[in-house]
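Asker: Residues per chain are reported as follows:
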Amino acid sequence: MSSEFFSNWFLPGVWITIQVTLLSAALAFVIAFPIGVLRTSRLWIVRFLAGAYFEIFRSTSSLVFMFWIAFTVPPVFHISFQPMAAGIVALGITYGAYASEIVRGALAAVPPAQREAGIALNFTPAQRLRRIELPQAWPEMIPPFNNLLIELLKGTSLVSLIAVADMTFAGDLLRLVKNESAPIYTLLLVLYFVFAFVLTRGMRLLERHAKKRVGQTPAKTGLFGGMRSSSSIDAVTGTGGAK
Amino acid sequence: MNWDWSNVDDFMPMFWDGVWLTLKALFFGTLIAFSLGLVWAVAQRSEKKWIRWPVTVVTEFIRNTPLLVQLFFLFYVVPEWGPSMSPLATGIVGLGLHYSTYTSEVYRAGIDGVPEGQWEAATALSLSKRRTWTAVILPQAVRRVIPALGNYVIVMLKESPQMAAIGALDMLGQAQNYSQTTFTYEAISVVGVAFIVIAYPASLLLRVLERRLVR
Numbered sequence: 001m002s003s004e005f006f007s008n009w010f011l012p013g014v015w016i017t018i019q020v021t022l023l024s025a026a027l028a029f030v031i032a033f034p035i036g037v038l039r040t041s042r043l044w045i046v047r048f049l050a051g052a053y054f055e056i057f058r059s060t061s062s063l064v065f066m067f068w069i070a071f072t073v074p075p076v077f078h079i080s081f082q083p084m085a086a087g088i089v090a091l092g093i094t095y096g097a098y099a100s101e102i103v104r105g106a107l108a109a110v111p112p113a114q115r116e117a118g119i120a121l122n123f124t125p126a127q128r129l130r131r132i133e134l135p136q137a138w139p140e141m142i143p144p145f146n147n148l149l150i151e152l153l154k155g156t157s158l159v160s161l162i163a164v165a166d167m168t169f170a171g172d173l174l175r176l177v178k179n180e181s182a183p184i185y186t187l188l189l190v191l192y193f194v195f196a197f198v199l200t201r202g203m204r205l206l207e208r209h210a211k212k213r214v215g216q217t218p219a220k221t222g223l224f225g226g227m228r229s230s231s232s233i234d235a236v237t238g239t240g241g242a243k
Numbered sequence: 001m002n003w004d005w006s007n008v009d010d011f012m013p014m015f016w017d018g019v020w021l022t023l024k025a026l027f028f029g030t031l032i033a034f035s036l037g038l039v040w041a042v043a044q045r046s047e048k049k050w051i052r053w054p055v056t057v058v059t060e061f062i063r064n065t066p067l068l069v070q071l072f073f074l075f076y077v078v079p080e081w082g083p084s085m086s087p088l089a090t091g092i093v094g095l096g097l098h099y100s101t102y103t104s105e106v107y108r109a110g111i112d113g114v115p116e117g118q119w120e121a122a123t124a125l126s127l128s129k130r131r132t133w134t135a136v137i138l139p140q141a142v143r144r145v146i147p148a149l150g151n152y153v154i155v156m157l158k159e160s161p162q163m164a165a166i167g168a169l170d171m172l173g174q175a176q177n178y179s180q181t182t183f184t185y186e187a188i189s190v191v192g193v194a195f196i197v198i199a200y201p202a203s204l205l206l207r208v209l210e211r212r213l214v215r
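Taken in order, these protein sequences are the chains called E and Y.
Using this note's numbering, the first residue of the first sequence is number 1, and each one after it goes up by one.
Using this note's numbering, the first residue of the second sequence is number 1, and each one after it goes up by one.
Where hints are given, some of them may not hold.
Label-pair ranges, simulated between beta-carbon atoms [stated by the list, open to error]:
id, chain 1, residue 1, chain 2, residue 2, range
1, E, R131, Y, P13, 22 to 28 Å
2, Y, P54, E, P183, 19 to 25 Å
3, E, V30, Y, L23, 48 to 54 Å
4, E, R130, Y, W20, 23 to 29 Å
5, E, K178, Y, I196, 15 to 21 Å
6, Y, V197, E, A163, 40 to 46 Å
7, E, F48, Y, E47, 47 to 53 Å
8, E, N122, Y, N2, 52 to 58 Å
9, Y, L23, E, A163, 56 to 62 Å
10, Y, L31, E, A85, 38 to 44 Å
11, E, A120, Y, N2, 58 to 64 Å
12, Y, T123, E, A120, 33 to 39 Å
13, Y, F27, E, F81, 36 to 42 Å
14, E, L205, Y, K49, 27 to 33 Å
If you only want the chain E side, here are some residues facing chain Y, beta carbon under 8 Å, derived [unchecked claim]:
id, residue
15, L158
16, Y192
17, R204
To be clear about the criterion: a stretch of chain E counts as covered by chain Y if any three or more of its residues have a C-beta under 8 Å from a C-beta of chain Y, and this derived list gives those stretches [what the hints assert, rightly or not]:
id, segment
18, 107-113
19, 160-171
20, 181-189
I should point out that these hints are in silico values taken from the structure, not numbers from a laboratory.
Small disclaimer: the values here were computed from a predicted structure and weren't measured.
The C-beta atom is built at its ideal place from N, Cα and C for all residues, glycine as well.
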């Protein structure tokens, strides 16, 4: 691995991976809250539409969807955009669907008496959501969000396949140009692991902070700092899993 | 909008080849994931530190790194030291290995769910360790986690197109080939719809199964 390759391709690739992770996570987050809230709506049509969004993206392959955004949408709808934009949008929409399920589940877990108390106090639905339901649901969301964030981080490697020069793309390039693969792919695996580790620790701090604020006891951290403390199955597939 | 249905018709024979390859990869990948996951889960309950620790480190590492990079690693790096595998075989090993670390969590939850009294009863009957696992703990643990395991079959199905990146001609690989040789773009949509058509009914089925088996 020459230093020239390192500074010209690999380091920018690392930066692009970080950018794609943060931007698509932000997009997923922005999508997840309204959709998750709408899925608890009393109107069946609203619930149905928001639920359909989740079901569709839970049932498609994120890579196929990404290819579709990158290669089918531009010619069919006569628009053009950067591959990186396509990757971020595809990841954001896909993971936004999964995240909406987390928001929905956490809201459903708030005891009904809390909502009733809000009604008794003559709060509007928006006030109840902002002052009663979300503050209590939020700490419940953080651990599954953590799992999802790591799935998303790993998912960003897919953007290399639509020609975004992320760090996985740099690996592909080195293999093609210099016919060398062992050091770079080993390095990539270690780097993704380190990033996942850092994200997990960061989310742990956030969780402790959030739980303290609502007076719950923060969970203990084990080996690897409670990485994947709960199975990510609930988050990814939304069928609850075995308890 | 310029959409040409004749390209869709044209693509269909290749599409079915792709479906067949995807199903093969899914079947054998699932076999590996389900059996290896059980091995990881039981090993993590071992009393011996030198078994528990390496298994924890290895599974955490595999679980927290991308499947795509693992596939590249298996396909381009592993042959430098030893066996080289076809794209399909690499896909099967990659999917199986990657998702075994997920299924091991599922098994672990199932094992944790077996009441303490069952372990004590096995001790009271002075069953050997092996008998305790095979006759008492695992039959109870596995039954409860079957729906959760099923979920991972769907997750594996959705992630299997990543095999196309190492040249496996699965559904996506075929679509890519067709699109690149004919300069069209309809094939990707066919594949996208195929995933919804397969995965959505499968997940509905699992929900029914879950209601029957759990509780």
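Asker: Hint numbers the structure violates, sorted upward?
Answerer: Hint check: 1, 3, 4, 5, 6, 9, 12, 17 and 18 fail, others pass.
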